[in-house]
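There are 2 protein chains.
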Amino acid sequence: MLSVNSYFEDKVKSIGFEQNSNAISVGVMLPGNYTFGTNAAEKMTVVTGALEIKRTTDVDWVVFSSGESFSVEGNSSFDVKVSIETAYLCEYL
Amino acid sequence: MLSVNSYFEDKVKSIGFEQNSNAISVGVMLPGNYTFGTNAAEKMTVVTGALEIKRTTDVDWVVFSSGESFSVEGNSSFDVKVSIETAYLCEYL
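Protein sequences, first through last, are from chains U and W. When you line the first sequence up against the numbering used here, it's residues 5 to 97, in that order. When you line the second sequence up against the numbering used here, it's residues 5 to 97, in that order.
One or more hints might be untrue.
One copy or two, either will do: identical chains are not told apart, so a pair holds if it fits within one copy or between any two.
What the hints assert, rightly or not - Listed next, the in silico SDA-like pairs over lysine to any residue satisfying Cα-Cα at most 25 angstroms (straight line):
hint : residue 1 : residue 2
1    : K58       : S7
2    : K85       : L6
3    : K47       : S25
4    : K58       : I88
5    : K58       : S25
6    : K85       : E22
7    : K85       : M5
8    : K47       : G20
9    : K15       : T49
10   : K47       : F68
11   : K58       : C94
12   : K85       : Q23
13   : K47       : V8
Because the hints were derived from the structure by calculation, they are not lab data.
The task is simple: from the sequences and hints, build the whole structure.
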C-alpha cells in the first residue's frame with residue numbers, strides 16, 4: 005500500500021511504501037527551512053536538487069546534492085535548508 | 005506547489021513539482037503490469053527497485069534497475085512490468 009503524507013503546510017510531501025519489509029519513502033521538499041524529527045535512524049538520498057542540513061551532532065551546515073546521501077541517528081532531529089525544489093529518498097534503518 | 009496523483013487503483017502514486025521551470029515527478033509503483041501514455045517526451049530514472057519496460061518501438065522487454073534511466077517519446081506509450089515496489093523519477097523533456 006502507498007501512503008501519502010504531507011508536512012509543513014504541504015511544502016513537503018512523501019509517498020511511503022515497503023520494499024522487502026524495509027520502510028522507505030520518496031518525497032519532495034519545496035524551498036524553505038524545516039526541522040525533521042527521527043524515530044528510527046534513517047538514510048536520506050538526494051534524488052534531484054540539494055539539501056543543506058545540520059544534524060544535532062554537526063557543527064556546520066553541509067550540502068548534499070543529487071546522488072549524495074547522509075544518515076541521521078534515531079530519536080534525533082535535523083535542520084534542513086532547501087533553496088531549490090528537491091526530491092529525496094528516505095530509507096529507515 | 006506539489007500535486008499528488010494516483011493511477012491504476014492507487015497502485016501507482018506520484019508527486020509532481022517544478023524545478024527551474026522543468027516539470028518533474030517522483031512516484032512509486034507497486035507490483036503489477038501497467039501501460040503509461042506520454043504527452044511530452046520523458047526520461048524515467050529508477051530510484052530504487054526495477055522496471056521491466058517495453059516501448060512501442062522495442063522488440064524485447066528491457067529491465068532498468070536503481071540508478072538507470074530510459075527515455076520515452078512523446079505522444080507514445082510504454083508497458084511496464086513491476087515485480088518489486090519501485091520508486092522512480094520522471095523528467096518531462
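Now for the hints, and whether the structure bears them out:
1. K58 <-> S7: Neither, since 27 angstroms and 28 angstroms both go past 25 angstroms.
2. K85 <-> L6: between (27 angstroms within a copy, 18 angstroms between copies)
3. K47 <-> S25: within (16 angstroms within a copy, 29 angstroms between copies)
4. K58 <-> I88: within (17 angstroms within a copy, 33 angstroms between copies)
5. K58 <-> S25: Neither: 29 angstroms inside a chain and 28 angstroms across chains, both beyond 25 angstroms.
6. K85 <-> E22: Between copies only: 18 angstroms across, 28 angstroms inside.
7. K85 <-> M5: The answer is between: 17 angstroms across copies meets 25 angstroms, while 30 angstroms in one copy does not.
8. K47 <-> G20: Both, since 14 angstroms and 23 angstroms are each at most 25 angstroms.
9. K15 <-> T49: Classified as both: same-chain Cα gap 18 angstroms, cross-chain 23 angstroms, threshold 25 angstroms.
10. K47 <-> F68: both (12 angstroms within a copy, 23 angstroms between copies)
11. K58 <-> C94: Cα proximity of K58 and C94: one copy only (16 angstroms, versus 29 angstroms across).
12. K85 <-> Q23: So K85 and Q23 pass the 25 angstroms test across copies only (16 angstroms; inside, 29 angstroms).
13. K47 <-> V8: both (19 angstroms within a copy, 24 angstroms between copies)
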